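Listed in order, the protein sequences are those of chains A and G. Heads up, the first sequence is in this note's numbering, so the first residue is 1 and it goes up one at a time. Heads up, the second sequence is in this note's numbering, so the first residue is 1001 and it goes up one at a time.
Derived from the structure by calculation, the hints contain no laboratory data. Some clues are possibly wrong.
Unchecked claim - Derived EDC-like pairs: lysine to aspartate or glutamate, alpha-carbon spacing no greater than 16 Å straight-line:
#1 Lys1054(G) with Asp56(A)
#2 Lys47(A) with Glu1053(G)
#3 Lys36(A) with Glu1352(G)
Claimed, not checked - Over the 10 Å line for every Cβ pair with chain G, so calculated as not near, a few chain A residues:
#4 Thr4
#5 Lys5
#6 Pro19
#7 Lys25
#8 Lys36
#9 Ile37
#10 Phe65
#11 Gly70
#12 Pro107
#13 Glu109
#14 Gly110
#15 Glu111
#16 Leu129
#17 Asn157
The structure presented is a predicted model; accordingly, all values stated were derived computationally and were not measured. Don't be surprised by glycine CBs; every beta carbon is placed ideally from N, CA and C.
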Amino acid sequence: MLCTKGIPTTEDLATRIPPEERRRKGPVVMIECFQKIPCNPCYTACKHGAIQKFEDINDLPSVNFDNCNGCGLCISKCPGLAIFVIDETYSETQATVSLPFEFLPLPHEGEEVDLLDRSGKKVGKGKVLKVRNGKYEDRTPVITVAVPKELSMVVRNIKVGGDVR
Amino acid sequence: MKKTEIAVIGGGPAGLMASLAAAEMGARVTLIDRNSRLGGQLVKQTHMFFGSEKEYASIRGIDIGKILSAEVLKNPRIETMLDSTVIGYYPDDGVLGVEVEEKTFVKIKPEKVIVATGASEKFLPFENNDLPGIYGAGAVQTLMNEHGVVPGDNVLMVGAGNIGLIVSYQLMQAGVNVKAIIDAAPNIGGYWVHASKVARLGVPIMTSYTVKAAYANELTGALERAVIWQVDNKWQPIPGTEKVLKVDVICISVGLSPLAEILWQAGCKMKYVPQLGGHVALRNENMETTVPGVYVAGDVAGVEEASSAMIEGRLAGLNAAKSLGYDNGTFNEKRREALEQLESLRSGPVGEKIRQGLAQLVS
Ligand SMILES: Cc1cc2nc3c(=O)[nH]c(=O)nc-3n(C[C@H](O)[C@H](O)[C@H](O)COP(=O)(O)OP(=O)(O)OC[C@H]3O[C@@H](n4cnc5c(N)ncnc54)[C@H](O)[C@@H]3O)c2cc1C
Ligand code: SF4
Ligand code: SF4
């Protein structure tokens, strides 16, 4: 699926999902990068030592989840837009997903948007909590959206303005 | 006749880095490009680049182009000739014929030449492939990202390599609907992260599919429909698998081939290497071809990436300057560094094809 459709399978993802125990403690990074390509800015971006040093630039990123504080500074630096931060402690029923979003119009905080999965399919609605779009993000804004808790590992994109297109 | 120490042909990432490296060692450089601004392909690339910090990773192509051009333009050792096309190389006396602004013809006699002319797009044969609305991916990118014009409303992208994937993404960013990305190969050729990026937008990627034919609207004569069909593992179309897509644009992105005319004229020994996109010049580790004093760098030396084009440019620039006796004391160290960087970029599984190609080139 990944090499024919671009959509990772459950097995692909299993190697990337932060351990349940860590997820219960607060926001944490999930890096959906599955192919050895010559690239390492995720490592350079993380100032907390959570993304391990690349021995070879073709290495896959490997994360020490205990060092990750969920700051999300790596999200806008990944040219593959493959990095997300998940917070499953947001509320009883909701989690948050922070994702890179390079489309206009940008949503505003408080706006309701469509939630999309990895194939672009609509899976529900969620509220935008934060839009980070400063100099640091450099035209790759980072959107934090509240999603139903059971969709924390499903939602990977949003659509602003609902179905009108 | 104009004289210069090193003529660099092409102001893309390879030519820019070659000029900077040669000037850094102390040589005088004339950089020639047929466009009205420097940057080559970079001027249309709005996405962030891969690589490491040294190769400007996670910076957008457009910004890398600006950074490098600014350095070149302020360097007193580099003279830049824009709107200038090198149309001939005379091997007998090593003179370049340059057409300036489509008006004047200038002859330049350089001591060394670095050819960094890049690559041109391949096309695809199918019925009616010349209808209005059928573009190469580079043309679509130029229209959208340089001139701010969208090519149409509904696009069929042909080719799931990095270019097909990233141009699809850029089309979606411009508000254009990409109906599907097809590729005759059984697997996606581009980076999977690019593929995931467009998949998340709901764009279907269909591998083992190719274009059968295109049809025009009777009134306007412009593209209206595309028929695609499946191919088997020998790339043979399977009748009965046809699908019709209503599109007003077909964007062809099936690969690049080196723009090597100048190298042929110079009499460089050439070899057909499919892994590198077509005919490329044999050369040694210093990027010097079989014609002494003629160097190559970037896509014309083998279609690869901007990151490797930049380092090859650096290598060619350093070596050309050194061969003229210029060395500010750092040559050995810088040359070694560049060779190591190139090796590490190409060392992974996606570099396999490039490694196979390069192995056939050692002269
Ligand atoms: C859509 C797309 C996405 C890409 N994404 C990436 C990426 O993410 N990361 C990455 O590393 N690479 C990427 N690349 C590849 C990268 O752009 C090229 O590998 C790189 O630009 C090659 O550099 P170059 O200097 O060899 O050639 P070019 O950039 O093509 O420059 C060649 C220059 O030579 C000039 N020229 C040619 N012939 C003549 C002549 N006779 N006289 C005068 N001037 C001449 C041209 O005008 C041009 O300016 C991408 C390419 C495309 C098309
Ligand atoms: S979220 Fe912050 S701490 Fe965690 S990996 Fe990214 S940059 Fe490092
Ligand atoms: S920056 Fe992104 S694409 Fe590059 S290695 Fe890290 S996660 Fe993968």
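Here is how each hint holds up against the structure:
1. Among the hinted pairs, Lys1054(G) with Asp56(A) is consistent with the structure: their alpha-carbon atoms are about 14 Å apart, no more than 16 Å.
2. Taking the CA atoms of Lys47(A) and Glu1053(G), the gap is near 15 Å; set against the 16 Å cutoff, the hint holds.
3. For the hint pairing Lys36(A) with Glu1352(G), the CA-to-CA distance comes to about 11 Å; that is within 16 Å, so the pair holds.
4. The beta carbon of Thr4(A) sits about 5 Å from the closest Cβ of chain G, which is not more than 10 Å, so the claim that it is off the interface is violated.
5. For Lys5(A), the non-interface assignment is contradicted: its Cβ lies about 5 Å from the closest Cβ of chain G, within the 10 Å cut-off.
6. The claim that Pro19(A) lies off the interface holds: its Cβ sits roughly 23 Å from the closest Cβ of chain G, which is beyond the 10 Å cut-off.
7. At roughly 27 Å, the least C-beta separation between Lys25(A) and chain G is larger than 10 Å, which holds for a residue marked as non-interface.
8. Remark: the non-interface label on Lys36(A) conflicts with the geometry, its nearest Cβ contact in chain G lying 5 Å away (cut-off 10 Å).
9. A beta-carbon of chain G comes within 10 Å of the beta-carbon of Ile37(A); the shortest separation is about 5 Å.
10. The beta carbon of Phe65(A) is kept farther than 10 Å from every beta carbon of chain G, the shortest such distance being approximately 21 Å.
11. Every CB of chain G lies more than 10 Å from the CB of Gly70(A), the least distance being 20 Å, so the non-interface label holds.
12. At roughly 16 Å, the least C-beta separation between Pro107(A) and chain G is larger than 10 Å, which holds for a residue marked as non-interface.
13. The claim that Glu109(A) lies off the interface holds: its Cβ sits roughly 22 Å from the closest Cβ of chain G, which is beyond the 10 Å cut-off.
14. Listed as a non-interface residue, Gly110(A) keeps its Cβ farther than 10 Å from every Cβ of chain G; the least gap is roughly 23 Å.
15. No beta-carbon of chain G comes within 10 Å of the beta-carbon of Glu111(A); the shortest separation is about 19 Å.
16. At the 10 Å boundary, the C-beta of Leu129(A) stays outside the reach of chain G, the nearest C-beta of that chain being 20 Å off.
17. With a minimum CB-CB distance of about 4 Å to chain G, Asn157(A) fails to clear the 10 Å threshold, and the non-interface call is violated.
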